[in-house]
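A.B. asks: Residues per chain are reported as follows:
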Amino acid sequence: MAKRSGGPSNTEIDMTPMIDMTFQLITFFMFVMNFSEAEQDDRIQLPSSQLAKPADGVIEKPITLQLTNAGSVIYAGELVAVRDIGAYLEREKTLMIDENREPNSATIIVRADGRAKTGEVQDIIRICQEKGFERFALRAQYDDRR
Amino acid sequence: MARRSSSGLTDKVEINMTPMIDVVFQLMSFFMCTLKVIAPEGDFDIRMPIAAAAAAAPDDQQVPPVRVKLSAGPDGSLASIAMNGTPVADFDELRKRIIGLVGADSGPNSLAEKTEVEFDADYALKYVNVVKAITAVSGKVENGQVVELIRKIKFTPPKKG
Chain Y
1 MAKRSGGPSN TEIDMTPMID MTFQLITFFM FVMNFSEAEQ DDRIQLPSSQ LAKPADGVIE
61 KPITLQLTNA GSVIYAGELV AVRDIGAYLE REKTLMIDEN REPNSATIIV RADGRAKTGE
121 VQDIIRICQE KGFERFALRA QYDDRR
Chain D
147 MARRSSSGLT DKVEINMTPM IDVVFQLMSF FMCTLKVIAP EGDFDIRMPI AAAAAAAPDD
207 QQVPPVRVKL SAGPDGSLAS IAMNGTPVAD FDELRKRIIG LVGADSGPNS LAEKTEVEFD
267 ADYALKYVNV VKAITAVSGK VENGQVVELI RKIKFTPPKK G
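Chains as they are written, first to last, in my numbering: chain Y, 1 to 146; chain D, 147 to 307.
Incorrect hints may have been included.
As a list, the in silico EDC-like pairs of lysine to aspartate or glutamate whose alpha-carbon atoms are at most 20 Å apart [unchecked claim]:
#	chain 1	residue 1	chain 2	residue 2
1	D	K158	Y	E12
2	D	K182	Y	D42
3	D	K260	D	D236
4	D	K242	D	E259
5	Y	K61	D	D266
6	D	K305	Y	D84
7	D	K286	D	D238
8	D	K300	Y	E130
9	Y	K53	D	E259
10	Y	K131	D	E288
11	Y	K53	D	D191
12	D	K286	Y	D143
13	D	K158	Y	D14
14	Y	K131	Y	E92
15	D	K182	Y	D143
16	D	K182	Y	D41
17	Y	K61	Y	D41
18	D	K305	Y	E130
19	Y	K53	D	D266
20	D	K286	Y	D144
Here are some, though not all, of the chain Y residues that point toward chain D, as calculated from beta-carbon distances under 7 Å [stated by the list, open to error]:
#	residue
21	E12
22	M15
23	A55
24	T68
25	S105
26	A112
27	K117
28	K131
29	E134
30	F136
If you're looking for bench data, these hints aren't it; they were derived computationally from the structure. Cβ coordinates follow ideal geometry from the N, Cα and C atoms, glycine included.
Start from the sequences, fold in the hints, and give me the full structure.
C.D. replies: Here's what the structure looks like:
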C-alpha cells in the first residue's frame, strides 16, 4: 500500500519580489513627495501659462497672498477681506524692519484664482505698494504643453 | 567512523524578515497618506514701486510704454483688447503686434528690454485673461524654447465701477 505523506508541510514563500516591489514603491513616493514649504491652497484655481517660469532659486521669506474666486484673501491660512490685508502687511513690515530688512526687498507672491476680478488683484498690489512693497510675483500654473 | 552531517557545510541562515517588512509597509503607508500631487507653478516677476504707478514720470526711458487695454463683458469675460488704442483680435495677434513693435531680439539693450507694457484692465475682468495677456507680451514658445519679449510690466491703478 502506498504511504501517504501526511502532516503539515513547511511551504516557503519567496518574499524577494514583494520586497523589491515595495522598495520601488517607497522610492517612487519619496521622489514625488513635495517637501517645499510654499503656501498652496486647493481653493485657488490658478490660471495656467507656458511662460510662468518656475523660480530659479528659493524666494527668501516671501509673503504669499492668495486671492479666492469670492474675493477674499487667504493670508497665513486665514480668510481676510482685501481691504483688511493692510494691517497684516504692516505687521510683516514691522517684523522685517526689526530684522534689518527693507520691505522693498521682499517678494509678494500673488496666487490669484483665474476667476477672480482683476481689480481685486490690482487692489492687493496697490495696498502692498502703499506699505512699501514693490516686488511682486504673479503666480500661475506652469503649463508645459509645448 | 563517525559520519559528519552533510548539512554542516551548507547551513541556510534564516533571517527573520517580518520586522523589516513591517517597517517597509509602514513607510509606504506614510508616503501614500502624505502624498499631495501638486502641479508645478511659475511666476511672472513684476517690479512695481508706487511712484511708478502713480505718475509715469518721463525718465531715461526713451521708449514710450505700450498700453494694452483689456475690456470686460458683463460676466467678466474678455470683451475686447486694444494696443495703443488700436483693436486687437486675440492674444496671438497681440503677441504678433508686440513682436512687430519691438522685434524678436530680447538681448541686453534691445528694444524689448527697454519697452514697458502697461495693462489697463477693467475691474471686473477675470484675472485669467490678464495672465493670458501677460503671457502674450512676455514671450513665446518656439521649438520648445522660450523666447522672451517684454519683461517690464505694470498695471494702471484699479478703477472700480
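A.B. asks: None of the hints should be skipped; say for each whether it holds.
C.D. replies: Hints versus structure:
At most 20 Å may separate the alpha-carbon atoms for a hinted pair to count; K158 (chain D) and E12 (chain Y) meet this at roughly 13 Å. With a C-alpha separation of about 11 Å, the suggested pair K182 (chain D) and D42 (chain Y) falls inside the 20 Å cut-off, and the hint holds. The suggested pairing of K260 (chain D) with D236 (chain D) is violated, with an alpha-carbon distance near 24 Å, which exceeds 20 Å. The straight-line distance between the Cα atoms of K242 (chain D) and E259 (chain D) is roughly 17 Å, inside the 20 Å bound, and the hint therefore holds.
With a CA separation close to 30 Å, the supplied pair K61 (chain Y) and D266 (chain D) exceeds the 20 Å bound. Taken as a hint, the K305 (chain D) and D84 (chain Y) pair is honoured in the structure, with Cα atoms around 19 Å apart against an allowance of 20 Å. Simply put, K286 (chain D) and D238 (chain D) have alpha-carbon atoms about 10 Å apart, close enough for the 20 Å limit, and the pair holds. Distance check on the hinted pair: K300 (chain D) and E130 (chain Y) sit about 16 Å apart at the alpha-carbon level, within 20 Å; holds.
With a C-alpha separation of about 18 Å, the suggested pair K53 (chain Y) and E259 (chain D) falls inside the 20 Å cut-off, and the hint holds. Only pairs whose Cα atoms come within 20 Å are accepted, and K131 (chain Y) paired with E288 (chain D) is rejected, the gap being roughly 40 Å. Between K53 (chain Y) and D191 (chain D) the alpha-carbon distance is near 9 Å, which keeps this suggested pair within the 20 Å criterion. Taking the CA atoms of K286 (chain D) and D143 (chain Y), the gap is about 13 Å. The hint holds against a cut of 20 Å.
Distance hint between K158 (chain D) and D14 (chain Y) is fulfilled; the C-alpha atoms sit about 15 Å from each other, no more than 20 Å. Under the criterion of a C-alpha separation no larger than 20 Å, the hint pairing K131 (chain Y) with E92 (chain Y) is consistent with the structure, at around 10 Å. Proposed proximity of K182 (chain D) and D143 (chain Y) is supported: the alpha carbons are some 19 Å apart, at most 20 Å. Distance restraint check for K182 (chain D) and D41 (chain Y): the Cα-Cα separation of roughly 12 Å lies within the 20 Å cut-off, and the hinted pair is therefore satisfied.
At roughly 18 Å between alpha-carbon atoms, K61 (chain Y) and D41 (chain Y) fall within 20 Å of each other, so this suggested pair holds. Pair hint K305 (chain D) plus E130 (chain Y) holds up; C-alpha atoms about 16 Å apart against a cutoff of 20 Å. With a C-alpha separation of about 23 Å, the suggested pair K53 (chain Y) and D266 (chain D) falls outside the 20 Å cut-off, and the hint is violated. Taken as a hint, the K286 (chain D) and D144 (chain Y) pair is honoured in the structure, with Cα atoms around 13 Å apart against an allowance of 20 Å.
With 7 Å as the threshold, the beta carbon of E12 (chain Y) stays out of range of chain D, its nearest partner Cβ sitting at about 10 Å, so the hint is violated. Restraint check, M15 (chain Y) versus chain D: the minimum CB separation of about 6 Å is within 7 Å; hint holds. Proximity of A55 (chain Y) to chain D holds as hinted, the smallest CB-CB distance being about 6 Å (cut-off 7 Å). Here the hint on T68 (chain Y) is broken, as its CB sits about 11 Å from the closest CB of chain D, past 7 Å.
For the restraint placing S105 (chain Y) at the interface with chain D, the shortest Cβ-Cβ distance is roughly 11 Å, beyond the 7 Å limit, so the hint is violated. Checking A112 (chain Y) against chain D: minimum C-beta separation of about 5 Å stays under 7 Å; hint holds. Using the Cβ-Cβ criterion of 7 Å, the hint placing K117 (chain Y) at the interface with chain D is satisfied: the shortest such distance is roughly 5 Å. For the restraint placing K131 (chain Y) at the interface with chain D, the shortest Cβ-Cβ distance is roughly 9 Å, beyond the 7 Å limit, so the hint is violated.
Taken as an interface hint, E134 (chain Y) checks out: its beta carbon lies about 4 Å from the nearest beta carbon of chain D, inside 7 Å. The beta carbon of F136 (chain Y) comes within 5 Å of a beta carbon in chain D, closer than 7 Å, and the hint placing it at the interface holds.
In summary, the numbered hints that this structure violates are 3, 5, 10, 19, 21, 24, 25, 28.
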